[in-house]
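Between the sequences and the hints, there should be enough to build the whole structure, so can you do that?
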Amino acid sequence: MSDNAQAALVDVRGLKVDFLTAKGGLFTAVKGVDFSIGRGEVLGLAGESGCGKSTIALSLMRLHRPPAIISEGSIVIDGEDVLAMSPERLQRWRWSKVSMVFQSAMNSLNPVLTIFEQFRDVIVRHTGVSRARARERASELLALIGIPADRLDDYPHQLSGGMRQRVVLAIALALDPKLIIMDEPTTALDVVVQREILQEIVELKRKFGFSILFITHDLALMGQFADRIAIMLEGRLVEVAPSAQLINSPQHEYTRRLWSSMPLLTRG
Amino acid sequence: MFETLKVFLRNRKALTGLIIVLVYVAVAVFGPLLLNVDPMDRVGRPHQPPSPDELLGTTRMGRDVFAQVIYGTRTSLAVGFFAGTIIVLIGTFLGIAAGYFGGWFDEVITFFTNVVLVIPQLPLLLVIAAFMGQTSPLVIAIIIGLTSWAWGARVTRSQTLTLRNREYILASELTGERPARMIFVELLPNLLSIIGFNFIGSVTYTIITQATLEFLGLGNPMSVSWGTMLYHAQNTSAITIGAWWEVLVPAVAVAGIGVGLSLLNFGVDEISNPRLRTLGTVAAAVRAQQKLDRQRLAETRA
Amino acid sequence: MRAVQHASEMLRIDGASKVFHLKPMLGPAHEVVALNNISLTIGAGKALAVVGESGSGKSTLGRAVARLFTLSSGTIFFKGKDIARLHRRDERHDYQRSVQMVFQDPFSALNPAHTIQHHLERPLVLHRKLRGAALDAAVREVCTDVELDPEATLSKYPHELSGGQRQRVNLARALAVGAELIIADEPTSMLDVSIRRSVLDLMRRMKETLAITFLYITHDIATAQFIADEIAIMYAGQVVEWGLPKLVIANPQHPYTKLLLSAVPDPAVRLDEKDGRSFSSDAQAVRALAKKSTEDIREVQPGHYVRGYMAAS
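Protein chains in written order, with my numbering: chain A, 635 to 902; chain B, 839 to 1140; chain C, 490 to 802.
Hints were generated in silico from the structure; no laboratory data involved. Careful, some of the hints might be misleading.
Unchecked claim - Footprint (simulated), chain B over chain A, 3 or more residues, beta carbon under 8 Å:
| no. | segment |
| --- | --- |
| 1 | 699 to 709 |
| 2 | 745 to 752 |
Said to hold, decoys possible - Partial pick of chain B residues on the chain A-facing surface, computed with a CB cut under 7 Å:
| no. | residue |
| --- | --- |
| 3 | Leu-856 |
| 4 | Ile-857 |
| 5 | Val-1120 |
| 6 | Ala-1122 |
| 7 | Ala-1123 |
| 8 | Ala-1126 |
| 9 | Arg-1134 |
Computed from a predicted structure; not experimentally measured. Using N, Cα and C, we set each Cβ at its ideal position, and we do this for glycine too.
Right, dumping it as structure tokens:
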């Protein structure tokens, strides 16, 4: 809850991300953004499409694709300056300190590899353990999210949408990261499955103590799940506040507009 | 329309290709008009190397290589574009029909296409050309056109099948458009890039195949084209004698148009695939980011 | 089983069932019961929302109404006529005109090679046989009907418009054809949350001022509430609860409806980890019992009906 810079897991200052355009110009997608994420905290990042939230998410792991360039700013995660890491360190650091869950599981899972092979890829690459040990670890991870170990030999298309997303979550947990970035992880799923997966994430967070950067456009969902919420508009953070405060008394005009334009269920 | 042209021209490969092709076309159209000679005339002594009088030397028969290559450009390009057009017309028509209508219509056309595809091109052309005796470039163009459309038809059919099931096609059908309009107005504009690609590829293929056939002696030795130039050079043992210009000139002509057309095709590819369009900026961004990363790494180490 | 009697029925679905026979390349053939004896009606100028998760059969229902395939059993009546019996060409043509579908992805329904003008002109030329000045006027009218500025929109290509604008163009095209019933299958789920309401409001206004009937298919019950005069909750090919939205939502009877409503994010209720395991096992139990097919229908109160279920022992 506290923003004490020493205690914060993630500290981003003045992050600026530019895109080179075909005509030789520059489009600034992220315009000098500051935020921090505490240990074990869930920070929600909300905004409309094109506001730059996915760009921030990718930039944290330096996974931004050209023509994007991180031109200014600093990203410090667990005391390390991410932008100044050597390529070798970056390779080892990715997935072991920070991992990511994307929106569409079918885009993250290789359709021609079995579930076990997807795990093995990550586990062996980073820890170099034997195949048998990797299989044990994969079974453990599946158990965490409630999938029986015999599904390890199935292909992604043999699993339901919700199960696939859980597998992607388990792969993100494989190396016990300190921060998991979730970019619209449940947007493509129906509400019941969404609730189930989020409850599992809550429990896993309690167990392992990781922080979460949770990106979604569903403010209501964020109100339930995030500790603090940051609202993004056209590359800038316009409001950052604890959830209850943002929901009950939003300060910024845009936040208010965002709330009023959402179709919310009015229960009888 | 204009936007597409601008994107096309901004692409260096496409621009180079276009310039090369335009130069060839200019030579084909204006060359003979400006030169105004008969390329089959004897102008000098046999096998003279390039000199101020005969810029590219003379052949065994004392004919001017320079004049030959200029007139030959006209013949070769004409054959190329003519046959290319035939190939594209047949291939596109059959490909779209098969892809759009499906069913037994598709089965019949695909079977027919596969048969033509599997037949070995060159032996078939050799047999036909030999059967017809010494054939004019026009006949060669027709023969090539009628036997080389199969690949383009397959590609066009595949692309049509992909588009066929797009929602906007289904929506147009639900609106009640008739098949003819569906094909020409709704589908065709989306197929233009593959048709263009097919056309340019076909022209390249035709020019090279025509040169090959004529080189093998199946053309009319009295006509003037790059292929017949090579034929004569071969027959008169130009290389052995050391008359390199007789062989090099038509060879470079063929290679040059091949390069030009291929570069042009890269451009067509990049227009149709928007992701390829930004390759230039992607490279620039990668360089810029690497520079920044090195700076930051150096600062921390310092 | 008709839920609410309508003054004039636009659409009546009577005992519709659809079984798909799947023969994969490797493995035995199996059957999927996509629709199991569905009976629903929609009154003229009203909106029925069919709410369910993926696999519930809601999209299949939409496609059945659009005549994209024939039912295994049961009948669909449009304005009193059995749609499976439209043998004459002009009858089918009329149906195509009267019943239009708007899809989830606003971009893919528009031809990237043509302007919006073209998209809106074609149906007007084909169905209302307009030409020249009358055609232009009609195109502009249909544009303003969906709250798009003709000057700014007509000359643009699909990729130059935003998602919300494209969806409006799709609705305009349905109007241009002269649709009386629009089947909207998840029309807002690919749009930004902040513009969903404006598209939903547009659909509601189309219903109220232009008397368009809507079959609105969605998994998001909150959006259904915005437009629906009646709501039907589907699971595993059956309708488990239906009736007036304010009755169904305020007083859900079927376990699945209760599960669905409790899962909709309520910003006032934090996700408590203590609920975790119980929610998941409850969900599984509810799914198991909702799958069972029963014929038992109960009236909760006038305008609110629920399918019977056997409580877990």
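ask   = Which numbered hints does this structure break?
value = Numbers 2, 3, 4 - these are the hints that the structure violates, sorted from lowest upward.
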